[in-house]
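**Q** Given chain A, work out where chain B should sit, using these hints.
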Amino acid sequence: QVQLQESGPGLVKPSETLSLTCAVSGSSISSGYYWGWIRQPPGKGLEWIATIYPSGSTYYNPSLKSRVTISADTSKRHFSLKLGSVTAADMALYYCARAKISMGPAFDYWGQGTLVTVSS
Amino acid sequence: EIVLTQSPGTLSLSPGERATLSCRASQNIDRDYLAWYQHKPGQAPRLLIYGTSSRATGIPDRFSGSGSGTDFTLTISRLEPEDFAVYYCQEYDFSPPTWTFGQGTKVEIQ
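Residue numbers (my numbering), protein chains in the order written: chain A, 1 to 120; chain B, 1 to 110.
Note that these hints are calculated values from the structure, not bench results.
Watch out, some of these pointers could steer you wrong.
[Claimed, not checked] Part of the chain A face toward chain B, derived, beta carbon under 10 Å:
(1) Gly36
(2) Leu46
(3) Glu47
(4) Trp48
(5) Tyr59
(6) Met103
Built from N, CA and C at the ideal position, the CB exists for glycine as well.
Chain A with its partners taken away, still in its complex shape:
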């Protein structure tokens, strides 16, 4: 059973860096899958943030690219997101997810999400 679990501070101050980690169980974090972050601001739709392929290739939403870093630790089976210079616009429910290359690559497994509030 594939499971993903997000963790990280629920509260971040404006201008600081948001750091989240996604722990993966039940699946190898190696080839065959991308691993990504998606967010949903309150009352809005889903927005793709970033994706990593375990070879080290990283891909970012152009609108966030200057502030985002995604990384992965295959030995520990987790991957992480850092989003710098946060503002109120970055308040959202943040999901981590797996994208299976042979399926599109669509996101076939998701974490339950972690709510991040930006406030001083």
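**A** Relative to chain A, chain B alone:
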């Protein structure tokens, strides 16, 4: 950058009715790279359809996807009470790899 526009924004229907959701792309999309998700409050999004028309594991056959080029459709043949949710289309562009979601269609009980 591809933009996905979903319509209608809200669909008000009764259980047992047929739901037809549209996803229009700003440029042609490879059929292999179009997916649909169901999202309920407090839950993780659930993959329904990938590759335009392939159902994900465990998805009932009342859900079907079709389309090509710039126009894609998700059809729910007979709405069950658990189908009332928000639905998103999503496309993958491989050069460079990016994922884009539509803005969503809410299917609500009439």
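**Q** Evaluate each hint against the coordinates.
**A** Comparing the hints with the structure gives:
1. The beta carbon of Gly36(A) comes within 7 Å of a beta carbon in chain B, closer than 10 Å, and the hint placing it at the interface holds.
2. Here the hint on Leu46(A) is kept, as its CB sits about 4 Å from the closest CB of chain B, short of 10 Å.
3. A distance limit of 10 Å between C-beta atoms decides the matter here; for Glu47(A) the minimum to chain B is near 7 Å, and the interface restraint holds.
4. Because the smallest distance between the Cβ of Trp48(A) and any Cβ of chain B comes to about 4 Å, under 10 Å, the interface hint for this residue holds.
5. Interface hint at Tyr59(A): satisfied, since its Cβ lies 4 Å from the closest Cβ of chain B, which is below the 10 Å cut-off.
6. Annotation: Met103(A) was flagged as interfacial toward chain B, and the flag holds, the nearest CB pair being 4 Å apart, inside 10 Å.
Hint compliance for this structure: no hint is broken.
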